[in-house]
Structure formats: C-alpha cells, structure tokens
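What follows is each chain in one-letter form.
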Amino acid sequence: MNPDWQTWAAAAVVIVTAVLFVVRAKRKKKGGSCSSCGSGSAKLPKH
Amino acid sequence: MSSATELRDDKPERDPVFAIAGNPNCGKSTIFNTLTGLKQKVANYPGVTVEKREGTCFNQHGKRIRLIDLPGTYSLNARSPDEAVVRDVLLGRRKDTPKPDAVIYIADASNLERNLYLATQVFELGLPSLLVLNMTDVAEAKQWRIDVEKLSQRLGIPVVPMQATAGKGIIELKAAMSRALDKPKSTVLPIPPDIFEALQQTRADLVRSNTVAENASLLEPLYLISDHDPEHYGIADSQVGRLIAAHDDLEKKLPAWEDRLAAARYEAVENLLRDVLRRPERDETTMTDKLDSVLLHPVWGGVCLFVIMGLLFYLIFSVAQGPMDWIKDFFKYCADSVKTMMGPGDLRDLITDGVIPGVGGVVVFLPQILMLFFFIGLMEDTGYMARVAFIMDKIMGKVGLNGRSFVPFFSSYACAVPGIMATRTIASPKDRLITILVTPLASCSARLPVYSLMIAAMLPGGGASAFAKAGIMLAMYFIGTAGAFIFAWIFNRTLAKGKGSLMVLEMPTYKRPALRHVALYMFERAKIFLRRAGTVILGLAILLWAAMSFPRHEGDDDAARLSHSIAGRAGHFIEPVIKPLGFDWKVGIGLIGSFAAREVFVGTMGIVYAVEGGDENTAPLLERMKDEKWPDGRRVFTPLMCLSMMIFFVFAMQCLSTVAVVKRETNGWKWPLFQIAYMTGAAWIASFVVYQGGKLIGF
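Chains as they are written, first to last, in the numbering used here: chain A, 1 to 47; chain B, 1001 to 1699.
Since the hints were made in silico from the structure, they are not lab data. Treat each hint with caution, since some may be false.
Stated by the list, open to error - With a straight-line Cα cutoff of 27 Å, these simulated BS3-like cross-link-like pairs (lysine-lysine) come out:
1. B:Lys1670 with A:Lys26
2. B:Lys1511 with B:Lys1290
3. A:Lys26 with B:Lys1527
4. B:Lys1629 with B:Lys1579
5. B:Lys1174 with B:Lys1063
6. B:Lys1527 with B:Lys1332
7. B:Lys1629 with B:Lys1695
8. B:Lys1511 with B:Lys1394
9. B:Lys1663 with A:Lys26
In this text the structure is predicted, and so the values were computed from the model without any measurement.
This is chain A alone, in the form it adopts within the complex (with noise of 0.2 Å):
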C-alpha cells in the first residue's frame, strides 16, 4: 500500500464529512427534528 494514497483518502474522508456536517447543520437551521429521539418538526403556533 501506498501511505501517500492513504494520507489523501483520510483528508478526503475528513472534509468530505466536515461538509455534510455545515450542509446538515444549514438544513436544520430551517427544519428542526430531533436526531437522536426521531421526534417530528412540528411546530406550535405562534405562542
């Protein structure tokens, strides 16, 4: 195996989950379940 292949595939790895984590974070900013429980985005009226 290559190390050089290896360091390149883990920065991949590691940036390509550090984008999903701004992209998910941006979509619950509008949406806001719960991850952990699975609780639905309902949402009270103004109250």
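With chain A held as given, fit chain B onto it using these hints.
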C-alpha cells in the same frame, strides 16, 4: 344534502378527511396506528400526543381517506397549546390542515360520563361524526352493559364498540366511516335559551367586526372567547381585544354562563346514559383498585418504586453484559481484520483508531439501551408510569411543578426532546417554562453509556456485583431527579412570573402490556440509536480523529502527537478549569466532544487512547483507562474521579438537539442559553464539591 356531500361535490378530487378526537388516554393513537399502519407513539397515560399527526387509510370500498390524529383534550375551551391544536383543526382555523369532513370521536367505554362531555361539544360543530366506544373489555369487566343501538339512535350517528389494543371492531369502524359521510349531523344537546340567545348576539357582533367568519358556527366564538389566554394560540393580535371585550360583555350579561353551560352539558349526558347504560349499584373492586392499594400506598408505593427501579438497573447490568461482550468482540475483530488487510498509513489509522473505537465504543451499549426501553415500554403500557407520577406528585407540587409536568419529565428519561415537546400540554406559561428548564436533568438514555463506562472503571473486575453497579446507577437517576426538583423550586420563586395551574391527574386502568407495542418501541429506539451511531457519531468520530492526529510533527511519538494535536491543545487549554474536578486534559478532549451529544464522550475516549496507543497498545478502552496516570504517577480514573465525572454528566447540558428544541419551544435564544449556563455551572460546582470533598475526607 349533507354538508359533507356538498363538500365532495365542490372538490370531487379531494380525499375525505377524518379527524380522530377524544379525551386523553382513550386509545386515539392506537386506533390511528391500526387504521394507517403507522407507528405513532402510544402509552397508557394521558398527554402522549401533543401535535396532530396525519396518515391515510382505505375504507372497505378501497377509497382513500386522510386521517388526522389529534391530541387528547377534555374540552374545546382551549387552555394549553395542545388543546388549541384540537380546537383549531376542528374549526378549520389551521392553514396547514384542511377542515375535517368528519370526526371519529373515541370514548373510553368504561368512563362515559366524562368522555361524552367533549363529545357534546364536538358533535355540535355540525360535522358528520361517528362515536367509537373503545375499551369495551374494561367496561365489561366492570359489568357495564351499553345499549349501542339506542345510543346510536339518541345521538343520530353510528356507534362502534371496539377493543383497539386487540384489533377488535376495526372492520366495523371502517364500515361506519363509509357511512358517516352520508349521515345527517348529530343531534345537538340543549343549550340554555338565555345563553343561546346571548351567544347568537355575540356571534353577530363578532361577524360584523370581521373577528370571525360569516359562516362561523354559533359555538366558534364561544370557544375563542372562552379561551383564557387567547394571545398565545394563533389568534391575530387585532382580534384579541374584541374577543376579550365580547367575553367580558357576556360575563356581565350572564354571570357564570360558562359554569351553567357545562352543568347543562353534564345533565344532558347523564340523561342520555340513564337510558343507554346499565351498571351494578356499586362498582366491583377491580384489579386496578387492588393493585393501586399497594402501588399508590403512601409508604409501600415508594418502596415498590424503589424496588422496581433497582431491579430495572440490575437487569440492565446483568442481562446485557453477554451481548455487550459479543459486540465488543465483533468490533475488535473488525479492527484486527483491517490491520491485517491494510498496510500502515493514515486511512488505516482513521479506521482503526477513529471510526471503530468511536462508533464501536457507543454501539456496544445497545443492549443496555434496549433493556432500558423495554422497561420504560412496560411501565408506560401497563399504566404504571402514571402511578410513578402520582407518587412523585406531592414533591412535584411542593417545588412548583404541577401534575401535567409529569409526562414531559418522565418522557425525558428516554430523551429530553420529546419531553420538552410534551410540555405543550401545560396550560400555565410559567409552569411550562419551569418544566422545560428542568426536564433535561432527568437522566436520558444518552447518559447511560457514560454512567456504565464510569461504573465499570470505578468497580473493576468481574468481582463487583451487578447489585452494586445497579445501586450506583440508581443513585445517578435519583440525583438527577432531585436536582430537577431543587431547580424547579428555585425557578418557581425567582425566575418565572405568573400564576401556576392545577390539574387533576386521572389514573388509567392497568392493562396487560401489549408486547407488540413494547417490541415496536424497542425496535424504533434501536433503529434511532444505530442510525445516530452511523451518521452523527460516525461523522464526529472522523472529525475528532483528525483533530487528535493533526498537525503532525516529524519525530513525535504517538503520545506527543496527541498532545500537540488540535484536540490535545484544546484539552490542555481547558485543563485548568477541569483539573479541580479530577479530570486531566485527555478527559477534557472527551468533554469537548460530549457537548455535541453526551454519548460521544465514550467514543471520544476510545479514540483518544487508540490514537495515543498507536499500533503497539491495543488494549480495550477500560484497561487503558485503568492504566492512565497523572505526571506524578497517581491514577487518573480513581473511584472518586469516576463519581465526579458521573455527577458532571448528571447536571451538564450536553445535547445540541435539546438546545435546538428549547429554542424552538421558547421562541428565542434567551432560555436555551440560560439553560446551558445554569446546567453547566451546576455540573461544575456539584462535581467540584464531590471531588474536593471526597479528597478532604480521605478518598
């Protein structure tokens, strides 16, 4: 032509919409799930559904029907946000929901007086309706005989007896749904003439001022002007003043008109039941009465609760151990296989030092989580959870929490997010806020892996009995609950202004747990837990590995590499703050990760020791923790430090999902930020007291 037929003529393409309404805990969600095949949460205590849920089903002729499952309520005079949802959907005031074409009203057949009160209000709205008498088995056990035919004749609507948990009556219900749309409206129960006249006048005034629509029913203004806190429930600001004025006028004209109207309704229900219900002179002592004489006893009730909880944690430790070892072995096998197949390099390190210890370290606790949810499911399904609330109610009342706080609080032992959403059943804004603020102190399932790891580090070896471990775990749950009560008491006297509200807590009858519900609940939780491990925790493990591995200096050994990494520097940075609690900088890295989600701590510690150990030291996490030492040679993970760590996790706010839902429910950042500050502050102080106090007395 009925109103429903007219509606179908106007919009022939639209599927008919049925709303499912009724009192809390009468089986609405069970019937909704049976009809739609969905898995909406059900439990044997009131207040589980706080928002409407939608699904579809097909009637006997294959026609599609939209179903809306509504939260349970006792009256259309909404006093809390969940009750306002019912009122607004039935009146067609929700923009996101079509006005229902018909209503399926579910009544508990063993408690008809109370259940039919709301029915009188719902039937008066003029929608085609049908009445379901659920829990007929409980009514039969009480030797009640209901004349279903006569009841149907008197109300002028189809009446369907059912036992939803056993699936009995579903076919009859579907047949009745097909007929309901073509049936005339239900009989309207009498309203006292003077109140009727005054309401007509009020309605006319409100129509003239455009406060209600011209086609509003007589009762619509009634439910809006009876609303004790209308500005909270989606009524436009400009209309609130007019509604309050109309309410005051009506009060002046007819003092106590609301009480008289309620009395008239109860009288009408009593007259109806006199005709259709035959029951023994004196109710027989039921199994529920016999069980409650022990489980709700002032002394034995508390003892039983303690024993049940102790047994729960004992079984969590003893039964789950075998499957946990299998999972541990599986991940070790995976790591060894990767090391055999790949040469040394960063990608291999990412997998064996990041992904496997990070994800595997959390997944290994799946058996314990499943055991916890099995017991929570049993307690909910049998009706025991409501008894727990009753036993705790005295204390909850003293600290300023009312009866309705129990559902949010006890739901939070599973997860704080649905618990916080369940606060919508609380009418008083003050009680609701206090409940939201203290609910995350109930030890949720995400804390379980941390407690388990720390208890295992505290009581090493197989010699420590599962009883001792269960005792420590029980103590953590107790400390969290006591902490919540203490903070509720403080907030009740300092932070929140406003009046509290009273609630009478209705005890559901005990039921044999439907194992299907419990199994479904466990399956759902396992799915959520594994999905989370495969997404958020996997992602965090990858990022944490990178933060612990870079920047890299040539010639560094593995330990120095961790120390110089971004995460290592962050750990060193916070070490002065956490050192008085007994935590070193490596534990600090775990703590930083845990602020995203508590269980990440366990995975992060796995990565810390995997990265630091490199290829030479591949001992399991627990062994590495036991060998961990301060520079002066003292052990880091002493029993006192482990206790301090658990206490920190009892109090600290380490869950981004909870922060997000508190922000949403309180409409701003003020309260979530306050919650983070007070909980983290309390965690630090409590942990400091435990660690330094323990050292002072020689531990």
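Hints, one by one, checked against the model:
no., hint, in the structure
1, B:Lys1670 with A:Lys26, "holds, 21 Å"
2, B:Lys1511 with B:Lys1290, "holds, 13 Å"
3, A:Lys26 with B:Lys1527, "holds, 24 Å"
4, B:Lys1629 with B:Lys1579, "holds, 13 Å"
5, B:Lys1174 with B:Lys1063, "holds, 11 Å"
6, B:Lys1527 with B:Lys1332, "holds, 23 Å"
7, B:Lys1629 with B:Lys1695, "holds, 17 Å"
8, B:Lys1511 with B:Lys1394, "holds, 25 Å"
9, B:Lys1663 with A:Lys26, "holds, 16 Å"
In the structure shown, no violation is registered for any of the earlier numbered hints.
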